[in-house]
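So the chains spell out like this:
4 protein chains.
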Amino acid sequence: MVNDVRRVRDDEGSAPRLLALSDGVFAIAMTLLALDITVPDGLDSAGFAHALGEVMPKVWAYALSLVVIAAFWRGQYQLFHSVRDVDGTVIRLVLLSLGLVALMPFPTTLLAEYPDLPQAVAIYSGAVAAMGAVQLTLAVVVWKRPWLGTSPLPDAIARNDVADLGATVLVFAAAVPLAFVSPTGAKLWWLVLVPVRFVTGKRGKRLREAAQRFRA
Amino acid sequence: MVNDVRRVRDDEGSAPRLLALSDGVFAIAMTLLALDITVPDGLDSAGFAHALGEVMPKVWAYALSLVVIAAFWRGQYQLFHSVRDVDGTVIRLVLLSLGLVALMPFPTTLLAEYPDLPQAVAIYSGAVAAMGAVQLTLAVVVWKRPWLGTSPLPDAIARNDVADLGATVLVFAAAVPLAFVSPTGAKLWWLVLVPVRFVTGKRGKRLREAAQRFRA
Amino acid sequence: MVNDVRRVRDDEGSAPRLLALSDGVFAIAMTLLALDITVPDGLDSAGFAHALGEVMPKVWAYALSLVVIAAFWRGQYQLFHSVRDVDGTVIRLVLLSLGLVALMPFPTTLLAEYPDLPQAVAIYSGAVAAMGAVQLTLAVVVWKRPWLGTSPLPDAIARNDVADLGATVLVFAAAVPLAFVSPTGAKLWWLVLVPVRFVTGKRGKRLREAAQRFRA
Amino acid sequence: MVNDVRRVRDDEGSAPRLLALSDGVFAIAMTLLALDITVPDGLDSAGFAHALGEVMPKVWAYALSLVVIAAFWRGQYQLFHSVRDVDGTVIRLVLLSLGLVALMPFPTTLLAEYPDLPQAVAIYSGAVAAMGAVQLTLAVVVWKRPWLGTSPLPDAIARNDVADLGATVLVFAAAVPLAFVSPTGAKLWWLVLVPVRFVTGKRGKRLREAAQRFRA
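Residue numbers (the UniProt record's numbering), protein chains in the order written: chain A, 1 to 216; chain B, 1 to 216; chain C, 1 to 216; chain D, 1 to 216.
You may find that some hints are simply not true.
Which copy is meant is left open, because identical chains are indistinguishable; a pair holds if it fits in one copy or across any two.
For lysine-lysine, the following DSBU-like pairs were computed, each having C-alpha atoms within a straight-line distance of at most 35 Å [unchecked claim]:
#1 202 <-> 144
#2 202 <-> 187
#3 205 <-> 187
#4 202 <-> 58
#5 58 <-> 205
#6 205 <-> 144
#7 58 <-> 187
For the record, the hints were derived by calculation from the structure and aren't laboratory data.
Model the full assembly from the supplied sequences, consistent with the hints where possible.
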């Protein structure tokens, strides 16, 4: 069979160890995001109350990046749900995405400390867009190489995932130039993704349920 | 069967990878808690002895948070003992609880550096109450969705777990306003949980043993 | 059978997840040890060469703690080799040992920065002795509860492991008062463990081989 | 059979837990590399733009070390692909390699902050050469002990892996003295590895495919 010939040609190892490395990087990046949230030592009561107020933007930036990283983790988790083998291309793409995830604490700190500077908002948007672009490529690669998995991803689900990630990349990439016009505008523009992802999320859930019911 | 129809409707992936991410975050949070315990460089012998004394509150705060985080880890470990599949709600709740666990080094440092300030004690109490509330929700969700697991959680065990977590949430939530009356009082109030958890722990152990004996 | 009744009475969960948490803490502690090795920014060529010399004690302390932590990891790895279930006592002891492992970067930094101060050497010795004491207790507990494992640990192997850990605890505990007499003497005293562990290591290897040959 | 007798003599435990520890250290080292990328707080717009420019060498050093660490991870991943058991020598070598991986953030920071100082380039080169030498030893040990794995590594593949790692060690070891002649020259010299690894990579892929086709 064609698939078998191709599997012989391509697979390099099993997915679990790559995903273990991946879970490790995601877990550490999520935890390091919070490392920045600190209050100076030795303040008096009033100074402490003031410092707590100062720390709030960092808490918001932490919450935002946590949502972003958790969303990417969940996307990757769904993507590799029925993947058993990985080849060189998949390994390279996963490692590249991990390199970007590990970088996230940097733009998060920028955003927390310079929420009104165009460059900070642009760098944050660019970092998320880059993560999205790598994950999008990964999704397409996995979709087009069904021999890596135990069961091929139905085209309707794959197309919905690609649309979801494509929208993420477009919105955050467009936010890069937008940030130089208006940093606040760019941050509001991010919110466009809330309804978009709500729709693709609902559709994805419905499609996955249908596929499972079909198989059962 | 009803359960099967529901399983088709709900499950999104297998539990192990979610728990691997979770173990990673718990492990890192436990280790980062200790990162704060430092002594300045270049002191003389007397200064060093003094600095060691200064570091003791941080060691105590570390020990306290270690116990808290370890207790939450163990609760989650028991909760997912016979869970095989996870759905979107469970994934979101676990990710939320991980975000709170990753935050713990912050209130721990506050408590170590400002043990007598009401806000520090209130924030610490609030953080633990929030973790407890998320874990409580998670426990109820898992209990009410038996199709996620290999064997349904007996109602008596589930009710005991809910009582245990509910008591944790109540005690720490009540400590938030209490801290503004008396920070030391709020910290002593935490100790109420020691006998409460002792009782629920004993009962839980007895119930689990009975359930296992019944199954065997 | 007696063992079965007891298993029903005692086990709380499976070992793998506890060991995954454990591996996470060991991995992070090992990596954080090295975080301290830094050179200030913005030095000229001569200042940089000088700073590199200053950093050497930190590199040695890192190497020492790495060997210590790696030895404890390997001991725990061997101990849990054929353990399948864990009960509340084992979980508590493992979590306690993880709390001590996570603390190790602190005494390591003390030793690197104050290699000649009695307190620093005493704290380092005490930390290692404490880790050893917990692991020793864990070894005895696992040995006395054969129903937790797939095959009982032969008494000869268990006794050798206990001797090995007992020697570690004794040497490092004796180094605590010794450090106040002579910090350098206490550090030389640690070296007593090299021949001791060499002998117990050889014996342990021989006993494990014999046990395997017997089983095969 | 000879292999079986030897297996009885040598194996100490199963590979997965050692690899879990290893994945943890790799994941943390990869993430901590990025921790250094920061911009000071409280700058004005011009100062921020300047600080972003200053941060770029750190981003490049991060990217370089990420590629290096990811390449070592992938090499180890391939090496342990069909390894099931590990003995004392393998465990010691893996732990030693993890100690070197955990150190990588240090030479990375040196290279980012002192890109033109001979010592910084020499230390970075030496660290990579040391990692390569340990991995080379590990590859030879695994190759010569086929009883550790599920299927012996074909000699042609093993020889190609050894050539690949040998070239890495030679190039980085030679860069150590070269750095004292010309730091920039040493960094350009590293690029020699790009075509070398391209060739060994292609050959390794072809050999692995042939071995798989043969087995299928």
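Evaluation of the provided hints:
1. In the homo-oligomer, the alpha carbons of residue 202 and residue 144 lie at most 35 Å apart both inside one protomer (24 Å) and across protomers (22 Å), since each shortest distance falls under that limit.
2. In this assembly of identical chains, residue 202 and residue 187 lie within 35 Å of each other by CA distance solely inside one copy; the values are 24 Å within and 45 Å between copies.
3. Taking the shortest alpha-carbon separations for residue 205 and residue 187, only the intra-copy value of 28 Å comes in at or below 35 Å, while the best inter-copy value is 45 Å.
4. With identical chains, the CA atoms of residue 202 and residue 58 are at most 35 Å apart within one copy only, with a shortest distance of 31 Å there and 41 Å across copies.
5. When the C-alpha separation of residue 58 and residue 205 is checked against a cutoff of 35 Å, the pair qualifies only within one copy, where the shortest distance is 33 Å, while the shortest distance between copies is 42 Å.
6. When the C-alpha separation of residue 205 and residue 144 is checked against a cutoff of 35 Å, the pair qualifies both within a copy, at 21 Å, and between copies, at 21 Å.
7. In this assembly of identical chains, residue 58 and residue 187 lie within 35 Å of each other by CA distance both inside one copy and across copies; the values are 16 Å within and 27 Å between.
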